[in-house]
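Asks: For the sequence shown, our numbering gives the first residue as 100, with consecutive numbering after it.
In case anyone wonders, no lab produced these hints; they're calculated from the structure. Take the hints with a grain of salt, since some may be wrong.
[What the hints assert, rightly or not] Calculated lysine to aspartate or glutamate pairs in the EDC-like style (CA-CA distance at most 20 Å, straight line):
no., residue 1, residue 2
1, Lys280, Glu252
2, Lys265, Glu238
3, Lys280, Asp223
4, Lys280, Glu204
5, Lys280, Asp220
6, Lys265, Glu277
7, Lys267, Asp239
8, Lys267, Glu238
9, Lys265, Asp223
10, Lys265, Glu201
11, Lys265, Asp239
[Unchecked claim] What follows is a set of in silico ranges between Cβ atoms, one per label pair, in the way DEER data are often shown:
no., residue 1, residue 2, range
12, Pro197, Arg219, 13 to 21 Å
13, Glu256, Pro197, 22 to 30 Å
14, Glu221, Pro255, 13 to 21 Å
15, Glu196, Gly159, 34 to 42 Å
We treat Cβ as the ideally placed atom computed from N, Cα and C, and that holds for glycine.
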Amino acid sequence: MPSSEAHTLDAAARGLLLEVAWESIRHGLAVGAPLQPNPADYPDVLRAARAAFVTLHRRGALRGCIGHLEARQPLVLDVADNAFAAAFRDPRFGRLEPWELEDLELDCSVLTPPRPMTFRDEPDLLRQLRPHVDGLILEDGWARGTFLPAVWESLPEPRQFLNELKRKAGLPANYWSETLKVSCYQTESFGGRS
């Protein structure tokens with residue numbers, strides 16, 4: 100469940116973002132490029148620079164997930180670009196085919212700005228983790244990875260969550276370093292079928 104810190108979009112804004120995401124995927128199937136909505140056509144809350152992820156599932160299995168951790172452009176453009184990228188550019192999957200649309204589900208996650216965490220050691224970090232509330236960004240040198248708060252559903256125990264995030268970043272599960280950086284963020288997530 101998203102944190103109350105992340106709730107900023109009303110039902111109408113959420114509906115518009117979902118419409119843009121689905122249209123970007125359909126546009127990608129038709130012409131091979133993401134939809135380019137004009138931010139001026141949308142409410143202020145969707146024109147603000149925000150970071151978002153778009154996650155696709157097909158028959159309950161992950162089918163693509165792409166996003167940004169930091170705001171780079173108006174939210175409506177970020178969602179359009181990430182929906183297209185999740186469908187056609189996620190390196191873990193082939194390009195989405197038209198016949199897959201029927202069983203496709205889409206989730207948008209709008210992120211709060213990441214906040215650096217301070218901790219003495221790994222036990223201190225683990226005590227600070229808030230399952231089902233915080234997403235994490237883990238960084239050390241070249242290694243970087245993130246888990247959205249939704250990942251807590253499949254990795255509900257803090258140590259397991261952190262160990263799998265280390266692996267995702269290309270580090271061993273038991274890795275620890277004084278230079279390790281961890282930031283947390285919350286998401287407002289919503290979705291549905293086309």
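Asks: Failing hints, ascending?
Replies: 1, 4, 10, 12, 13 and 15
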